[in-house]
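Participant: Okay, here's what each chain looks like letter by letter:
There are 2 protein chains.
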Amino acid sequence: MPTESRGASYPWERELGARPLGDGTCRLRVWAPRASDSVVVRLTSGDAALEHVGYGVYEVTVPCAAGDDYWFVIDGEPLPDPCTRWQPEGLRGPSRVLDSGAWGGAGPAFAVARPEELVLYELHVGTFSREGTFEAAIPHLRELAALGVRAIEIMPVAEFPGARGWGYDGVYLSAAQSSYGGPEGLARLVQAAHETGLAVILDVVYNHLGASGVKAIEAFGPYFTEKYETPWGRAMNYDDADCDPVREFVCQSAVGWIRDFGIDGLRLDAIHAIFDESAEHIVAEVARRVHAVRAGALVIAESGLNDPKVMRPRSRGGYACDAEWADDFHHALRVLLTGYQEGYYVEFGRVAQLAKAFHRPHVHDGDYSTFRRHRFGAPADDVSVEGFVVFAQNHDQVGNRAYGDRLPAPARPLAAFCVLLSPFVPLLFMGEEYGEEAPFQFFSDHIDAEIATATREGRRREFAAFAQFGQEIPDPQAASTFEASKLTRSADPALARLYGELIAARRELPPGDADEIAFDEDARWLRVRRGEYELVCNFGADRTRVPCRGAAIRLATDPEAQIEDGHVELPALSGALLG
Amino acid sequence: MPTESRGASYPWERELGARPLGDGTCRLRVWAPRASDSVVVRLTSGDAALEHVGYGVYEVTVPCAAGDDYWFVIDGEPLPDPCTRWQPEGLRGPSRVLDSGAWGGAGPAFAVARPEELVLYELHVGTFSREGTFEAAIPHLRELAALGVRAIEIMPVAEFPGARGWGYDGVYLSAAQSSYGGPEGLARLVQAAHETGLAVILDVVYNHLGASGVKAIEAFGPYFTEKYETPWGRAMNYDDADCDPVREFVCQSAVGWIRDFGIDGLRLDAIHAIFDESAEHIVAEVARRVHAVRAGALVIAESGLNDPKVMRPRSRGGYACDAEWADDFHHALRVLLTGYQEGYYVEFGRVAQLAKAFHRPHVHDGDYSTFRRHRFGAPADDVSVEGFVVFAQNHDQVGNRAYGDRLPAPARPLAAFCVLLSPFVPLLFMGEEYGEEAPFQFFSDHIDAEIATATREGRRREFAAFAQFGQEIPDPQAASTFEASKLTRSADPALARLYGELIAARRELPPGDADEIAFDEDARWLRVRRGEYELVCNFGADRTRVPCRGAAIRLATDPEAQIEDGHVELPALSGALLG
Chain A
1 MPTESRGASY PWERELGARP LGDGTCRLRV WAPRASDSVV VRLTSGDAAL EHVGYGVYEV
61 TVPCAAGDDY WFVIDGEPLP DPCTRWQPEG LRGPSRVLDS GAWGGAGPAF AVARPEELVL
121 YELHVGTFSR EGTFEAAIPH LRELAALGVR AIEIMPVAEF PGARGWGYDG VYLSAAQSSY
181 GGPEGLARLV QAAHETGLAV ILDVVYNHLG ASGVKAIEAF GPYFTEKYET PWGRAMNYDD
241 ADCDPVREFV CQSAVGWIRD FGIDGLRLDA IHAIFDESAE HIVAEVARRV HAVRAGALVI
301 AESGLNDPKV MRPRSRGGYA CDAEWADDFH HALRVLLTGY QEGYYVEFGR VAQLAKAFHR
361 PHVHDGDYST FRRHRFGAPA DDVSVEGFVV FAQNHDQVGN RAYGDRLPAP ARPLAAFCVL
421 LSPFVPLLFM GEEYGEEAPF QFFSDHIDAE IATATREGRR REFAAFAQFG QEIPDPQAAS
481 TFEASKLTRS ADPALARLYG ELIAARRELP PGDADEIAFD EDARWLRVRR GEYELVCNFG
541 ADRTRVPCRG AAIRLATDPE AQIEDGHVEL PALSGALLG
Chain B
1 MPTESRGASY PWERELGARP LGDGTCRLRV WAPRASDSVV VRLTSGDAAL EHVGYGVYEV
61 TVPCAAGDDY WFVIDGEPLP DPCTRWQPEG LRGPSRVLDS GAWGGAGPAF AVARPEELVL
121 YELHVGTFSR EGTFEAAIPH LRELAALGVR AIEIMPVAEF PGARGWGYDG VYLSAAQSSY
181 GGPEGLARLV QAAHETGLAV ILDVVYNHLG ASGVKAIEAF GPYFTEKYET PWGRAMNYDD
241 ADCDPVREFV CQSAVGWIRD FGIDGLRLDA IHAIFDESAE HIVAEVARRV HAVRAGALVI
301 AESGLNDPKV MRPRSRGGYA CDAEWADDFH HALRVLLTGY QEGYYVEFGR VAQLAKAFHR
361 PHVHDGDYST FRRHRFGAPA DDVSVEGFVV FAQNHDQVGN RAYGDRLPAP ARPLAAFCVL
421 LSPFVPLLFM GEEYGEEAPF QFFSDHIDAE IATATREGRR REFAAFAQFG QEIPDPQAAS
481 TFEASKLTRS ADPALARLYG ELIAARRELP PGDADEIAFD EDARWLRVRR GEYELVCNFG
541 ADRTRVPCRG AAIRLATDPE AQIEDGHVEL PALSGALLG
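So the protein sequences, as listed, match chains A and B. For what it's worth, this note's numbering labels the leading residue of the first sequence as 1, then goes sequentially. For what it's worth, this note's numbering labels the leading residue of the second sequence as 1, then goes sequentially.
Be aware that a few hints might be false.
Where chains are identical, the list cannot tell them apart; a pair therefore holds if satisfied intra-copy or between any two copies.
[Stated by the list, open to error] Pairs of lysine-lysine residues, derived as DSS-like cross-links and limited to a Cα-Cα distance of at most 27 Å, are as follows: (1) Lys-227 <-> Lys-309; (2) Lys-227 <-> Lys-486; (3) Lys-486 <-> Lys-215; (4) Lys-215 <-> Lys-227; (5) Lys-309 <-> Lys-486; (6) Lys-309 <-> Lys-215.
By construction, these hints were calculated from the structure, which means they are not laboratory data.
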């Protein structure tokens with residue numbers, strides 16, 4: 001059998017899924033090498049056989065319009081299209097043909113702010129509003145834009161089981177969650193965001209698929225491999241036999257959000273659990289294809305690798321992501337603010353670590369991690385400061401606590417100060433900008449009894465130590481857990497004002513590296529110079545005096561901060577911007 | 001617990017194993033985090049407790065001399081030292097203290113030939129001579145040097161089970177196989193090679209450890225991880241908790257061969273089965289540390305990845321290996337020569353593929369591999385031609401056939417012509433240089449009944465299709481299989497002469513890329529211009545005429561080759577060098 005030349009294209013590289021052609025017909029294409037005989041599409045109007053065009057790819061063009069429901073029948077069983085872009089009745093209902101032609105062309109794509117101007121805002125659609133839909137999020141956008149947020153980052157919306165969930169159990173990567181309002185709802189939200197001056201980043205999960213969908217997806221082809229283990233389920237097949245169509249399943253979905261929905265960037269969940277030995281790692285391929293479909297679209301990786309290759313250009317062997325979530329900055333900051341050192345916070349707690357993180361957030365840059373029990377990470381000096389997203393709260397750091405409680409109130413002003421005045425890209429977690437008191441708890445709505453039980457029990461086991469103290473761990477499957485996590489929008493006005501002032505002050509700071517970083521471990525202070533400005537923080541429990549160059553306080557998290565004689569005097573857990 | 005600074009060194013980074021200090025004492029150091037209480041060294045003179053110096057590392061200095069035997073007693077059980085450098089009684093005997101101080105300093109290290117001058121010669125110690133020892137290999141070296149070989153590449157010698165084996169089941173990475181003559185034998189062979197003008201490359205296996213040693217090694221610490229699967233056994237723990245001392249186990253062994261034994265380079269077995277998510281891949285670390293201990297020492301990877309990153313410099317995200325084994329060149333050549341397309345040869349058989357391989361041997365450089373069932377590899381234009389080792393035979397391509405038969409005699413001259421006159425680094429497999437007729441079969445001497453049975457049956461299963469034809473698959477455990485694989489040294493004088501002529505002619509060719517490559521698929525000829533020379537090959541079954549620029553035949557594999565009128569006329573399966 002001859003070797004094909006490199007430039008050749010294969011059937012799976014054409015668009016998979018359903019595409020209305022505008023003439024009363026739709027083209028359907030599916031990769032189904034496991035179908036033992038034919039593949040049939042089941043429409044309301046009847047069945048039609050697809051034609052095998054090679055390598056397990058089947059296609060057909062049939063009379064059919066946007067809005068029509070369809071199933072693929074594999075070995076007698078009707079199943080949703082793996083590349084479905086609409087599951088109006090949920091994970092196990094029919095797929096529906098979507099016409100997104102109009103959206104892609106609607107007005108100029110929103111230009112993402114220059115990286116140094118970005119302020120991200122992570123939100124969960126289900127709990128961001130009372131109604132929990134894309135549509136219901138729209139009225140709140142104006143306020144975010146007024147605050148200075150430049151992009152909302154939406155937690156995963158790929159169709160997941162049931163009506164409530166964080167979204168990391170999604171199965172159909174290209175179908176916006178039905179209970180949120182489906183693809184049309186998402187498109188309206190994106191359009192409204194753009195009209196308000198906000199970009200939209202979408203959280204996407206390529207390290208596993210939700211267990212509820214494994215059987216339906218596997219009926220089509222080898223989407224998974226036994227070569228690797230992930231903590232959340234079977235590893236996706238990115239480098240084993242028949243991996244190319246699985247890579248397309250992912251890449252076409254990534255590209256589709258950008259091209260068809262006007263999404264401005266993707267946040268790739270947990271890429272450290274994406275295993276791929278191919279010459280081009282799947283994360284690098286996603287970044288390449290997203291950048292190719294729209295220059296300036298962002299690819300932000302959640303990377304637990306502390307490895308600068310994630311952001312390095314391809315010419316230097318990198319994946320060419322635009323940025324990564326920088327957990328170490330969070331951990332260093334959080335432990336200084338709260339003193340709690342449970343779990344992976346155990347190795348943090350020194351001002352020196354936050355000082356290091358203000359240069360580059362890889363606090364672990366090759367040293368020994370006592371939590372991981374090995375040397376970890378590499379220095380990232382060659383990656384610019386805009387290559388790191390920092391935060392004091394996010395869905396994981398709040399929601400993956402036993403009770404989903406947010407950062408304690410006394411720590412919030414200084415936390416916001418450090419994040420928003422850092423040289424990095426700041427990310428806020430919905431509600432933190434006004435001191436939301438509702439927790440963000442772990443909730444789900446699993447439709448498979450076994451998975452529901454395993455999730456509930458897993459959660460109880462994980463936090464067994466806490467339950468000893470008498471407070472029950474919230475049941476993830478209970479609707480009340482979801483309801484309790486909805487924003488109350490009851491604000492702490494002083495904190496809300498501070499967020500506004502910090503974001504305004506951020507715009508005055510020069511972009512790029514900090515010019516000088518100093519600290520005193522015993523006195524618990526940190527001082528960071530950025531151009532003419534100085535950020536001064538007191539992480540101690542007592543008032544402290546910090547030597548400084550600045551002559552005036554531009555902004556302080558505590559009104560009792562004072563400046564005199566080349567020193568700034570700061571109350572406990574407070575910060576001041578001098579300049 | 002504080003984060004250590006990057007420069008900090010840890011107990012496991014000091015030399016592990018036994019080191020005589022020259023004053024009647026030895027320093028012993030072992031990583032044994034699984035020891036539930038103390039760790040004791042058992043010498044003939046008695047027991048001595050080691051002191052825990054942190055992170056599961058224990059050490060002690062005791063009265064003891066080179067040549068003394070010792071065990072480490074872990075939870076009451078005496079076990080060999082994982083970093084042993086001498087197992088005089090085999091895999092399950094005591095470790096012995098080795099003094100290699102003298103060898104390291106003995107005379108100037110052999111300078112490896114410039115890459116374009118290298119000619120490698122792969123040999124298996126057990127079958128290279130009647131006696132099957134390091135010592136017995138020495139008398140044959142002079143002949144190799146006279147032929148023009150510049151380096152011998154020794155199949156793995158890390159202590160493996162029993163007395164016979166290919167060596168890929170080794171357990172104690174730093175102990176030269178006892179049945180070959182142990183470390184002192186190896187040292188003598190290296191010294192003799194250097195005196196003869198030959199460098200020595202050692203084949204080392206870092207993708208798994210032989211199953212016979214897993215229990216003894218695991219008693220010390222978590223050498224393996226469940227994160228990944230390898231085809232040959234449990235994956236080594238290079239990136240999971242407590243991986244650093246496992247990395248040292250490997251790196252200190254790699255460095256030790258170079259520093260203490262004067263070995264000139266390493267051939268890393270099957271790096272595609274070495275899984276590591278660390279910021280520095282273990283293969284990159286081995287290359288860095290080997291190059292650091294001796295500039296010019298070679299690191300050659302057997303890589304089934306077709307990924308140029310293996311040879312790229314670190315500044316471009318590469319592992320910085322000096323070269324890789326280039327299987328595609330072999331496959332393209334072999335199938336043209338023999339027409340057999342079983343197994344992974346299925347996708348080869350076109351002259352175009354060998355033409356492509358003469359440019360860079362990644363025939364698969366991103367195109368679809370029908371055998372692997374996915375797109376595979378990447379172009380390697382930015383890697384110099386000296387970054388590829390090519391061959392027409394090697395231990396795998398001969399030995400991993402049902403009967404271990406060598407390339408058929410009619411194919412041998414043209415095979416040698418293509419390999420030796422290619423721009424790449426040629427590797428010969430012992431005996432091919434004179435037309436050895438003995439097979440090289442798969443043999444073992446497993447000391448565990450279960451492993452022996454599994455090996456025997458696995459082999460029968462793998463080649464069941466062949467056994468149908470009535471010829472029994474050799475029993476790997478039978479001593480006769482090993483004996484049958486020993487070189488007879490009965491030569492085909494014409495072929496032996498050709499090898500000499502080809503190697504001599506090779507030295508005249510300009511180094512670097514081929515200047516022009518042309519072929520005719522139907523007429524089955526290939527023409528490669530290198531400076532003023534032209535290589536012309538006829539892979540067809542008939543005499544053929546090939547247009548050429550050269551006016552004279554410098555060398556031909558068949559005396560009937562003729563040149564006239566701007567054409568060279570070549571008999572079937574023959575080649576001529578014009579110039």
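Participant: Each hint should be assessed against the structure and marked as holding or not.
Facilitator: Tested hints:
1. Lys-227 <-> Lys-309: For Lys-227 and Lys-309, the Cα distance is within 27 Å both inside one copy (23 Å) and across copies (22 Å).
2. Lys-227 <-> Lys-486: This pair counts as neither: shortest intra-copy Cα distance 40 Å, inter-copy 37 Å.
3. Lys-486 <-> Lys-215: Neither way: Lys-486 and Lys-215 sit 32 Å apart in one copy and 53 Å across, limit 27 Å.
4. Lys-215 <-> Lys-227: Intra 19 Å, inter 23 Å, cutoff 27 Å: intra and inter.
5. Lys-309 <-> Lys-486: neither (37 Å within a copy, 48 Å between copies)
6. Lys-309 <-> Lys-215: neither (35 Å within a copy, 37 Å between copies)
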